Each structure stands twice: as structure tokens, then as C-alpha cells.
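Chemist: As a plain string of letters, each chain reads:
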Amino acid sequence: MEIDITLNGDDVTFEIARSDTLLDVLRDNGYTGAKRGCDTGNCGFCTVIVDGDPVKSCIRPVSQLAGTEVETIENLGTQDDLGPVQSAFVDNSALQCGFCIPGMIMRSKALLEENPDPDEADIRDALSENLCRCTGYEKIIDAVQDASTRMSGEADVAADGGRVSTDATCHGCDCLEGGSDK
Amino acid sequence: MSRTDDPDSEDKTTDTEKIAESNPIHWDEAPNNRKAPNERRTVSHSEEKDDAKKIVTGEAKYTADYAREFPDLAEAEVVRSDIAHGVVTDIDTSAAEAMDDVYAVVTPDSPEVPEKPYTSAGQSYPEPSPWDLRVLRRTVRFVGDPIAAVVAEDKDTASKAARKLDVTYDEYDAVFDTAEAMEPDAPQLHSADDVENLQPGADYERNIEAQMSGEIGDVDAAFSKAEESEDLTVIETEWETPYQSHCVPEPHTTIAHRDEDNRYHLISSTQVPYHTRRQLSHLFDVPIRDIQVSKPRIGAGFGSKQGMITEPLTMALTDAADRPVKVETTRREQFHALRNRRPARVELRSVVADDGELEAIDMEAVTNSGAYGPHGMTVASAVGKKPLPLYTHTPNIRYEMTAVHTNLPIAGAFRGYGAPQGHLAVEGHMDEIARELDIDPIDLRSRNVISEGDLEVASGILKDKEYGRRIRSCGLDECIAEGRAAIGWDDVDQPEADHLHRACGMALTIQGSGVPGEELGAAHIKMNEDASFILQTGAVDIGPGADTVMAQIAAEVLSVPPEDVLVQPSDTDISPFDHGAYASSTTYITGQAVKKAAEEARGMLFEFASRMLGEPESAFTVDDGAVISEITGESVSIEEIGYESMYGDEVRAQVMGDASHCTEESPPPFGAQFVDVTVNEETGEFEIHDMVYAVDCGVALNPALVEGQIEGAMHMSYELATGDGITFDEDGQPQTLGFRDYDMPTTADQPPLTSLIVETHEPTGPFGAKSVAEIPVNGVPPALSNAVRRAVGVRIGDMPITPEKIAAALDDD
Chain A
35 MEIDITLNGD DVTFEIARSD TLLDVLRDNG YTGAKRGCDT GNCGFCTVIV
85 DGDPVKSCIR PVSQLAGTEV ETIENLGTQD DLGPVQSAFV DNSALQCGFC
135 IPGMIMRSKA LLEENPDPDE ADIRDALSEN LCRCTGYEKI IDAVQDASTR
185 MSGEADVAAD GGRVSTDATC HGCDCLEGGS DK
Chain B
6 MSRTDDPDSE DKTTDTEKIA ESNPIHWDEA PNNRKAPNER RTVSHSEEKD
56 DAKKIVTGEA KYTADYAREF PDLAEAEVVR SDIAHGVVTD IDTSAAEAMD
106 DVYAVVTPDS PEVPEKPYTS AGQSYPEPSP WDLRVLRRTV RFVGDPIAAV
156 VAEDKDTASK AARKLDVTYD EYDAVFDTAE AMEPDAPQLH SADDVENLQP
206 GADYERNIEA QMSGEIGDVD AAFSKAEESE DLTVIETEWE TPYQSHCVPE
256 PHTTIAHRDE DNRYHLISST QVPYHTRRQL SHLFDVPIRD IQVSKPRIGA
306 GFGSKQGMIT EPLTMALTDA ADRPVKVETT RREQFHALRN RRPARVELRS
356 VVADDGELEA IDMEAVTNSG AYGPHGMTVA SAVGKKPLPL YTHTPNIRYE
406 MTAVHTNLPI AGAFRGYGAP QGHLAVEGHM DEIARELDID PIDLRSRNVI
456 SEGDLEVASG ILKDKEYGRR IRSCGLDECI AEGRAAIGWD DVDQPEADHL
506 HRACGMALTI QGSGVPGEEL GAAHIKMNED ASFILQTGAV DIGPGADTVM
556 AQIAAEVLSV PPEDVLVQPS DTDISPFDHG AYASSTTYIT GQAVKKAAEE
606 ARGMLFEFAS RMLGEPESAF TVDDGAVISE ITGESVSIEE IGYESMYGDE
656 VRAQVMGDAS HCTEESPPPF GAQFVDVTVN EETGEFEIHD MVYAVDCGVA
706 LNPALVEGQI EGAMHMSYEL ATGDGITFDE DGQPQTLGFR DYDMPTTADQ
756 PPLTSLIVET HEPTGPFGAK SVAEIPVNGV PPALSNAVRR AVGVRIGDMP
806 ITPEKIAAAL DDD
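Residue numbers (the working numbering), protein chains in the order written: chain A, 35 to 216; chain B, 6 to 818.
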């Protein structure tokens, strides 16, 4: 059977089996940023965003997702032009083996869209379904707090890799998603 | 090494002076190895991890992400024993074989599956682990033993086919407790006839995989003296730890195929590509040259991927199915069928003088190897050998260890390697001494503990020859001072409520930097025209940032930015040899090889500069991308030399360097763990306010990465102290089959972690570095147990520490 979804802003049609999960379909089609860590919805390494909500794609039957908007890590910034959550993770050394990080970043992005100014307790609560074995979470919490600051425009632009907040305009530079003029 | 039953083992002649002489305090340190902080260009800077950007974009490729490069890739399902002990008398494969898209059903009888025994340990050669495993097993010894496998077009089909296998067993009695397993009438797991490469003290009729003991001084005499003296006190304690899962984020995965030269090529999540290649060669009788093992990004290892677990089966299956095969384990398999931290029971007795001076330590450990023996002898040895060096000045020390088989999952290597179990006993015991003698726990330790300049002999307690290593760097005093201040040791505010009691506990920690005299790291570096360098090492970055640190070491020598040193991932066809990522060795061993290789390349830069500027080679130094004459101030950029070396008129030669490093030295890093806890005496519930760990790892080559090691290791250490571990029912059936059944701390329940770095300088390490990857995993169980003891007076010595146990112990009081 086939299914139509909006994936990272593009309308796509995937050939699927009824038993496929969203993670199966994403990985089979080259979206391998989401990782398979447990297949039971307990580790969060496969977290993507569906219609604005963080979703563990390994336990979400894809057949239920017709017409939804799915966003994966591949939709965020590139290595030359990282998004604010991504650059906050890099700059805070909030990653080691990296296997949990795409899911952790998608979870953090969903949190910050919902709550742009979370305190530490909010972050710990929101991230509690995403496991990390390497970091003890300390630097990940720091990174999400830093990302919040960057996204609210409080951080200076240089610290954010030349990025300004998405609702600002950009003049005469080659930086960002937020501003289209160069 | 001396065996318990060997009468000669008591006969050791001591020659400490000779040992001290051959381990002088002075070390002939290489020039420029010691740099003041302001002279360091890139070492001791928190450089960005070289794979950070591709990780946050999702582009970093782990083994399973390579599947799409093999259009005809088949997937496999492993069929595992569902009983704890018995023999498979029949496997009916017909229904599975009849299914569409099933390419092969493999059993122990299949010609592609080797019959030979082997070890999965992934250690040096000859392996210090018994060869007691078969790729697929007719005799099953725990719930999870692999007995067959199915290869099919996809995983779903393979799983469906696997469920159609009809397995008949002859079931045996099983044993799950180490003490019961050593009883004469206990079920016997292995026969010595079926095991090769037996380890010291093996007695399979009593399910003993290995047994060793060693002694310094005369422990019995010290205890006899204590009986007669009022100034000497004897303290006895007991300790226990459960099975712990590594919880590696990336499940063990291997893709195997035959390349266009018909060689085996494995892409695999391994910590030890070279050991894996050698072990596969021996197991399959395939020449080493016909096997290539490539390591992509690894989703962490913590010792579990030192185990060669998925590789042999995948190699057999690619032959059976005649196509590329991927074996990707499930989380369920990770928890019950692969590898774990081995449970341990430790008994400790000591003799101590009234002033707190240790006269004797008598330590006995029994570890549970589970069903098979990888790392059994070496980890059981390490339970004593790792922590005892803290108190090497104790004149009489004895250590006896026994590694025992039970019908439970296989234990293997796990970050810390026996040291966490041993530290619980030794550091918990120190607090019991302090309590008995009414001495401050820190003062007691300070009176007895090792320090810089000392000759450490306790780590050689199981060797058959006298052994010693000189401690050339030790920052324990500073670690204690900084940790003590950070936790507020001297200023604990008691809660107002009478039933709440707050206290700090602490524990000292020690580890090694590589296996002394065993390991080899090698490196090759070559320059491109643009003054960038390609660095090849067999170092295996499994996540902590080893590649980044290797780049920093080379960049420091060559005075270029670290991002100009491109590090290639380990691949047995390309990289120089390396023992792999274990024993906290990479920075210390391979890092030194990288340093020497970069120095050789730098020597070639000086040769070219000498010709180009007409000055002697000895005139030159490197600074900021240029070679500069210290005599005239004339300089030539490294980029100019790059072009000259390849296209010049006079001499053309690739600027490169090669080096190996192997050493008898294994300088210990040191650290102090502190825990601040409030305990509710009515319920036993406790709240941890902070966990502080201060480490001396020599010069921290990348402080942010060092902090990451401390924080991640403390998280695991906290889990060992408070989590249930892996549990089983009375038939040996695992009760922990997923993260939902396991107490891995999340962001919501992980207490705060504070990491502190104390800098010392280790003259034998690259730019003064020692190791840091394992040591911080040792401290939380004893420090938390000690804190609870100080808060409410009860001792919880068997992990985990739970409110129920505290409440029960308070009731008993």
C-alpha cells in the first residue's frame, strides 16, 4: 500500500507494508538520522516531530499517519549552517557517541517551540523519555538552556554561528533560514 | 601468577630494592613533553569533537546506516535457548526453510558454522580467557544461548521463520548462585575436555573458571598478632553487586559480505577491529589477510563491544546465504543474551592500629562469570588488583579470587573492569575502620594512601614475580581538597525535621592507563600540499572523542590547528595496528604513538626547511603553521614545504611519520568521589543533593571531553549503587528485557553531577596525560553507602542501596 505524508516540507508518497512503523519507512528511504535503539518506545533515539509533537517513530504505525507533517533531523541545519539547537549541542560538548543525539535534538526542538523559556526542571521533565548513556545529561541540559537563549535572541549573533532568530530579518549576510535576502 | 593449590606460591622472595631501582622516580622525559599552560596551542583546550557537526545533523553513519549500500542485503534473526541448562536434541527447520524469501536456516550442524571453541573476549594474544564458546551451541547454559539463525530478505521474515523452528531439549538442572555452584553436587556447566586455553586454577567440576591468590608480607601472622594485642583492631565486612547492563545506545550490529576479491569484509560496531580480525581468522581458519574489519561511528561500547559477539555468526551467515548479511541485535537481546557487568561478592578483613595505620588487608572475591568465561580471570583479578594499590603501603596484603560459572548471562568487560566491585569493598571498608576507631574518614585515608614518588606493589599481588611501578604523578590530596570543598564536607546543615539526616560520604578511586607491557598502538601521519595532515591510527573512537584527542596531539607537535589533522576511522586494511579501545589505553598508548609519528613528520619539515633556507635542521622550530629558524628568524610556511616536498626541483619526498608505542608503564589516574545525601529515617527514602568527582588524569588534553567522561561514568556508577540491575526468576528466566524493566537514570531522576579536574603532569604520558575513561565509574557505590552510614548509622553493603533496605536495616538496629 501507499501513503502520502508531508516530510520535511515536501509532499512524499511511500510504499509501505501494513506492519511498518514510521521508523522503518524513514530508515528504508534514507532518513537514517533517526536511530533504532529499542523498538519498544523506551529509549527515544528515534524521536521525530509529527504535527508539532515529538513522537517515538519506532512504535508509531506509519499507516496511521496519512496526511500528517513529519519533521526529521534531516530538516534542521546543515553542517555548514547549523540550526540553533544543533549548534548549542556542539558548542556545549553535549554529545559523545551521538547515537541518541538526533532524537534528543528533535525532542528539544519540540520543547522549545512549545515553551521557549524552559527552566531546568521543565527541560529535565521534557527530555525524560530520551535516554543518553554517555553524558549523564549534564551538558545536554546546558545545551537546551543555551539553545533557548539563542532562539530568544538574547545571545549575541557571533556566539550563534552567525545566526539570528527566525523572526528577524537579515541584511547583507549569507547566514540563515530566518532571512532570505543575501 | 600463583595458584591457590600451588605450594610454591608461598615461596616468593622479595627484592623490593631491586624493583625500586629499576623504577626510578626520575623519568627521562622527551623534550617539549612538558608545556606550561600558556605554551599549549591545542592540548588542554576544549576543542570541538571532530564528529560533532555530523552527529547533530544526523549524518554520522553507524553500522546499520550502511545497510543501504548493499542492495541485496539479507537480515538475520538469532534463535536463542529458552531454558537455562540442557542439550538441544533436535531442531526441526523444515517449516522455516519452506517459507518464501528465507535464504538460509543455520544450526550447529551447518558446514558454514565452525565447530571450534573460541573466546569472544577481544583481548591480546594469547587470550587470557578460556576458549569455551561455540558460534552456535548444542549444549545450552543460559536463557539466551544462540542455537540457530535464520537469514531472510528482511528482519520481519527472518523473525517469522525463526518462530517456526521446533526445538527439542533435554533439560538439565541449573544453578544460579556462585556459592551453590561450587558445591560438590551442583550441576556442572562445562567439562574441562570441552574447553581449551584453560585459565589458572580452573576446576570445572566445581564450576570454577579461574582461581588465584597472592600475598605480600604475612597476613596470617598479622591477624595472629592482632589477637594478642589490644592496640590492634580487626574489622570484617562483606559486599555484593548485581548484574549491570552496559545499555549501549547502539545495539551490536555487524554487516558481513565478500568483497570483489572474495575477501571477507565486516563493517561492525566493535571496540577491537584487530583483535576481532585475528579471532575470526583463527576460528574460521581463514588467513588474516582475507579478512577486513572496518569500524564506522560506534554508538558507544563501555566494554560490551570488546566482545566479538555478532561478528562470527554474521560471517558464517554471509557464506550460508551467499549474500551480504546484517545481524542487528535487539534491545531485548542486549539485556539478556549479550554481556554484562559481573556480580561480585567480596569479603574483607583488616588489621588496623589505634592510630589508623593499616597493618593487614585480607580480601577475597567471588565473581559470577555467568555461563561462559570471557574476561573471567582478568576481571576477577582486577577486583583486588585495581583498588588495593591505593593502600599499597599496607605491609601485609592477601588477595584471593574465584571466578565461578552459573546458568546466567555471560559477563564480559565493562567500564571499570572489576574496579567498581573492588572499590565498593575497599572504600566501604575504610569507612568502617574510621567509624570503629572514631577517626575522620578522610584523615584515615590520608594516613594510609599512596602518593607521588611511591613504589606501588599491590597491583602485582597475583604475579609470580616481584612487581612494582613508580607513581610519578598523583594529585589525590588536591582531589580530596577540591572535592571536600565543593561538596561542603565540613559544613553540612542538618534539616530541621528530626527524621531527616544529612551527611556526606566519600571514596577514593584509582585505575590504570592501559595494560602494562601488553598493548601496542601505532600511528601514521602524512602531509597534504595545503599543510593539512591525514592521521591514521588503529585507535578506536567509540564515542568519547579519541579521534579528536589524537588530532590535538599531532597538531600540538606540528603547530597547526587541530582541524587541519584529519583522523581516519580505524580499519584493519588501512590503519596501523592497535589493540583497540579498552583498559583506558587510547590517549596514553596510541596518543604517544601519534606524538612520535608527528615528531617524525616534523623532522622531515625541518629537513626541507634546511634545504630551502640553507640553515641546519637543528635551527628550526614550528610555530603557527610555519617552520622558523631560531637563529635568523627566517621562516617558510608548512604549505610551501608541502608543495616543495611533492613538486620541488631538488628533493621530492612525502612528509610523513610512523611510530609505534608499547610500554611497561601504566600510570594510575586518581580521583575522589563525594556524595551528599539526606536520608529519611522513617521510610529509608533518600535524596542525593550532589555528586562531586575530582579527578587527576594528568594533563586533561581536552577538558570538555574529560568532563563528559566523568559525568557519564558517574551516571553509570550511580546506577550501580541504586538500580536493581538485571534480575531473574527462579528458573533463570530474565526479568529485565527492555529499558522499561531497567533502572537506567533519566533526566528526571539523575541527581546533579559535578566534575572537577585537578591537573598533574605524568612524565610518561603524551603532554603529561593519563587516562580518564574508566576511573570515575568506581566511586558512587562506596561513597553513597558511606554517606548513608554517616547519615543514619546503617550500612548497606549489597547493591543496590534502596529505601527498603535502609528502612529494614534501621528496623534491625
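Please note that a few of the clues may not be correct.
[To be verified] Calculated Cβ distances over 10 Å to all of chain A for the following chain B residues: (1) Ile-240; (2) Glu-457; (3) Glu-712; (4) Asp-754.
[As the list claims (entries may be wrong)] Computed footprint of chain B on chain A; a stretch qualifies when at least three of its residues, placed anywhere within it, have a C-beta under 8 Å from a C-beta of chain B: (5) 43 to 49; (6) 74 to 82; (7) 87 to 94; (8) 102 to 116.
Keep in mind that the hints were calculated from the coordinates and are not lab data.
Remember, it's a predicted structure, so these values are computed and weren't measured experimentally.
Ideal Cβ placement from N, Cα and C applies to all residues, glycine included.
Chemist: Which numbered conditions among the earlier hints are violated in the structure presented, ordered from lowest to highest?
Modeler: Numbers 3, 4, 5, 7, in rising order.
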